[in-house]
Amino acid sequence: MGRFILRRLGQGFLVVLGVSLVVFVAMRVFGDPAKVMLPLSATTEQRAEFEHLIGLDRPLPEQFVTFIGELATLDFGDSLWQRRPAMEVVFERLPNTLMLVGAGLGFAMIMALPLGALAALRPGGIIDRVTVIGGLVGLSTPQFWLGLLLIMLFAVQLRILPTSGIGGVSHLILPALTLALPSMARMVLLVRSQVIDELNQQYVKTARAKGLRFHQVLFGHALRNVMIPFITLAGWEVISALAGYTVVVESVFAWPGLGHTAIQAIQRNDLFLLQAIVFTVAIAIVLVNILLDVIYKFIDPRIKLA
Amino acid sequence: MSPAADRPLLEIERLEVEFDTRRGVVRGLRGVDLSIGRGETLAIVGESGSGKSVTAQAVMGLIDVPGRIVGGDVRWKGHSLLSRSRARQARDIRGKEIALVFQDPMTSLNPLIRVGQQISEVLRRHLGMTRADADLRVLDLLEAVGIPAPPRRAKQYPHELSGGMRQRVMIAMAIACEPELLIADEPTTALDVTIQAQVLELIAGLQETLGLSVLLITHDLGVVAGLCDRVAVMYAGQIVETGSAEDVFERPAHPYTQGLIRSTPRLDDHMERLVSIDGAPPSLLAPPPGCAFYERCPIAEARCATLPPLIPIPNRTAGSVACWRATTNAWDSASVPPGELRAV
Ligand SMILES: Nc1ncnc2c1ncn2[C@@H]1O[C@H](COP(=O)(O)OP(=O)(O)OP(=O)(O)O)[C@@H](O)[C@H]1O
Ligand SMILES: [Mg+2]
Numbered sequence: 002m003g004r005f006i007l008r009r010l011g012q013g014f015l016v017v018l019g020v021s022l023v024v025f026v027a028m029r030v031f032g033d034p035a036k037v038m039l040p041l042s043a044t045t046e047q048r049a050e051f052e053h054l055i056g057l058d059r060p061l062p063e064q065f066v067t068f069i070g071e072l073a074t075l076d077f078g079d080s081l082w083q084r085r086p087a088m089e090v091v092f093e094r095l096p097n098t099l100m101l102v103g104a105g106l107g108f109a110m111i112m113a114l115p116l117g118a119l120a121a122l123r124p125g126g127i128i129d130r131v132t133v134i135g136g137l138v139g140l141s142t143p144q145f146w147l148g149l150l151l152i153m154l155f156a157v158q159l160r161i162l163p164t165s166g167i168g169g170v171s172h173l174i175l176p177a178l179t180l181a182l183p184s185m186a187r188m189v190l191l192v193r194s195q196v197i198d199e200l201n202q203q204y205v206k207t208a209r210a211k212g213l214r215f216h217q218v219l220f221g222h223a224l225r226n227v228m229i230p231f232i233t234l235a236g237w238e239v240i241s242a243l244a245g246y247t248v249v250v251e252s253v254f255a256w257p258g259l260g261h262t263a264i265q266a267i268q269r270n271d272l273f274l275l276q277a278i279v280f281t282v283a284i285a286i287v288l289v290n291i292l293l294d295v296i297y298k299f300i301d302p303r304i305k306l307a
Numbered sequence: 014m015s016p017a018a019d020r021p022l023l024e025i026e027r028l029e030v031e032f033d034t035r036r037g038v039v040r041g042l043r044g045v046d047l048s049i050g051r052g053e054t055l056a057i058v059g060e061s062g063s064g065k066s067v068t069a070q071a072v073m074g075l076i077d078v079p080g081r082i083v084g085g086d087v088r089w090k091g092h093s094l095l096s097r098s099r100a101r102q103a104r105d106i107r108g109k110e111i112a113l114v115f116q117d118p119m120t121s122l123n124p125l126i127r128v129g130q131q132i133s134e135v136l137r138r139h140l141g142m143t144r145a146d147a148d149l150r151v152l153d154l155l156e157a158v159g160i161p162a163p164p165r166r167a168k169q170y171p172h173e174l175s176g177g178m179r180q181r182v183m184i185a186m187a188i189a190c191e192p193e194l195l196i197a198d199e200p201t202t203a204l205d206v207t208i209q210a211q212v213l214e215l216i217a218g219l220q221e222t223l224g225l226s227v228l229l230i231t232h233d234l235g236v237v238a239g240l241c242d243r244v245a246v247m248y249a250g251q252i253v254e255t256g257s258a259e260d261v262f263e264r265p266a267h268p269y270t271q272g273l274i275r276s277t278p279r280l281d282d283h284m285e286r287l288v289s290i291d292g293a294p295p296s297l298l299a300p301p302p303g304c305a306f307y308e309r310c311p312i313a314e315a316r317c318a319t320l321p322p323l324i325p326i327p328n329r330t331a332g333s334v335a336c337w338r339a340t341t342n343a344w345d346s347a348s349v350p351p352g353e354l355r356a357v
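Here the protein sequences line up with chains Y and X, keeping their order. Number 301 in the numbering used here belongs to position 300 of the first sequence; there are no gaps in the numbering. Number 304 in the numbering used here belongs to position 291 of the second sequence; there are no gaps in the numbering.
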């Protein structure tokens, strides 16, 4: 197990290195940081000075080596906007994003399993129909619109929750819910169809023929098998949240996490900050993937660690 | 309260099962009568789709949507297994007093659970054993079904076992609570030929040592001959003939049984041509009101358009047939030529 994790960490390191190469090429070879980051009124001398300052006047290979060296020490340069190290900004915002994703998707997962399973017990029954329709609505609702809807309802009309920003638990509820609902819809539908599938498997017939009680068949046998596709989807939701959904949700609720900060960095042409965010997210995704593999290994004995 | 000692263990009476399908209602079982006595071995034979598995599943309470039991009864020691008010008792009986071995050992075990645990689960459910006691008992059971190195095997997962081994695990699971009736639904069909014989031997041996009654479902007549006391022949959701194994094989009374036997290759006489019965069983979506074998029968006549009852065959102790014209050899005396001839 330990060796497996080490190996996956090694592979993850290569992935991050690949990401860094792409970012480097995009920024230094195809892009022009000086043009992006300096105001239009900057003189040629100012531009040259800026390029010299961040090393853009050196040969590309040398720049790449320096770049990698800086990455290794988590030195992404200073955020132009915040006028302090980009990584400092990232470390300040990261916990907010993790809290949002943890609360939102944690809620979605905890709700999706029993709801999906309940619907699957009587396919075509009333609970099933309501769940399926709810699921389809949930997964076709645009997230930004859902966020605005929740704000209108709970913050503007009912005035029981704050509209935006960060604070106590009350600030977390709406953004977490906005992040959760579409993911939950996908998970509920998956759990439902998988439970229906598994309950029709031959091993379930065996379990029933053994005289096991229904809850033993469902929890002891069928749901275990459902956990495999469920974990796959849940992992995908976490990754999608980190890589995209949080950008929308955090922007709608002015939630000071990485996603919102990324948008601000783009608006302010703060390339260094953006770079730092991209790397952090890439590393987070690699770590989530490794975690998924470890979980699979625990659930499914057929998986060989390689 | 105890029912008469000579009463059959299991009685199936006029059992009817239907399946709702997109194409209509499939009448899987159309009034099946069967009984098995203590220590008896009964074989159900018949073509694919004749309702053998559905019969077994109905006994085990495994018929569910889209299927349902629409008529008849299944009684165990005189008590109905189907009545709603006794559903709990029925569940306590299943897996304990009646156990089932399925056809396909590849899919019949949960892939994510150690085989030892899948066996010990039954022990804990029905005998109230502690986990530790059950785990010990599992080793004995694995030994009893001929699995070498039980402590190691018990910890393995189904995918680490061969098909024959898995079927042995299924059997160990089935005999865990020392059942009185073992239902084996084509227990060897999915296995290699060499393994088939071993598994059958195992079942025969267990029957002897444990005094089990066995309901063996198969379409391999060769299997039946050596193993079973009695045979029931199924056709299109009905029983068309029952009798002692010897009677059914040596003196089959129903034209279908005769056709079935004619089409079975015999090891001892390899020059014989294989004869198959022409045609196919009727669709169970709209089964004919009369004899289901009418269309394929060489000696069918007008009265066969009404359903023949399953009645005792004269001069036999325990034999019955559902045929208006039961003869000793329908196929040779027939004016119509028998089915297509194929050289072996
Ligand atoms: N779940 C189901 N849905 C619809 N029809 C079914 C279902 N299960 C069984 N049937 C029908 O019931 C009839 C009897 O099926 P059964 O499985 O008992 O046949 P069998 O005698 O066991 O055949 P085989 O030798 O192939 O196992 C078949 O016509 C089949 O189509
Ligand atoms: Mg079958």
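One or more hints might be untrue.
Claimed, not checked - 27 Å max Cα-Cα, derived DSS-like pairs, lysine-lysine:
| # | chain 1 | residue 1 | chain 2 | residue 2 |
| --- | --- | --- | --- | --- |
| 1 | Y | K206 | X | K90 |
| 2 | Y | K298 | Y | K206 |
| 3 | X | K168 | X | K109 |
| 4 | Y | K298 | X | K109 |
| 5 | X | K168 | Y | K206 |
| 6 | Y | K206 | X | K109 |
| 7 | Y | K305 | X | K168 |
| 8 | X | K90 | X | K109 |
Calculated from the structure, these hints are not laboratory results.
For each hint, the structure was consulted:
Simply put, K206/Y and K90/X have alpha-carbon atoms about 24 Å apart, close enough for the 27 Å limit, and the pair holds. Between K298/Y and K206/Y the CA atoms are separated by roughly 26 Å; this keeps the pair inside 27 Å, and the hint holds. Restraint check for K168/X and K109/X: the C-alpha separation of about 23 Å stays at or below 27 Å, so the hint holds. The suggested pairing of K298/Y with K109/X is violated, with an alpha-carbon distance near 34 Å, which exceeds 27 Å.
Restraint check: the Cα-Cα separation between K168/X and K206/Y comes to about 22 Å, which is no more than 27 Å; the hinted pair holds. This hinted pair checks out: K206/Y and K109/X have alpha carbons roughly 15 Å apart, not beyond 27 Å. Between the alpha carbons of K305/Y and K168/X the distance comes to roughly 16 Å, so the proposed pair stays at or under 27 Å and holds. Between K90/X and K109/X, the direct Cα distance comes to roughly 14 Å. Compliance with the 27 Å bound is thereby established for this hinted pair.
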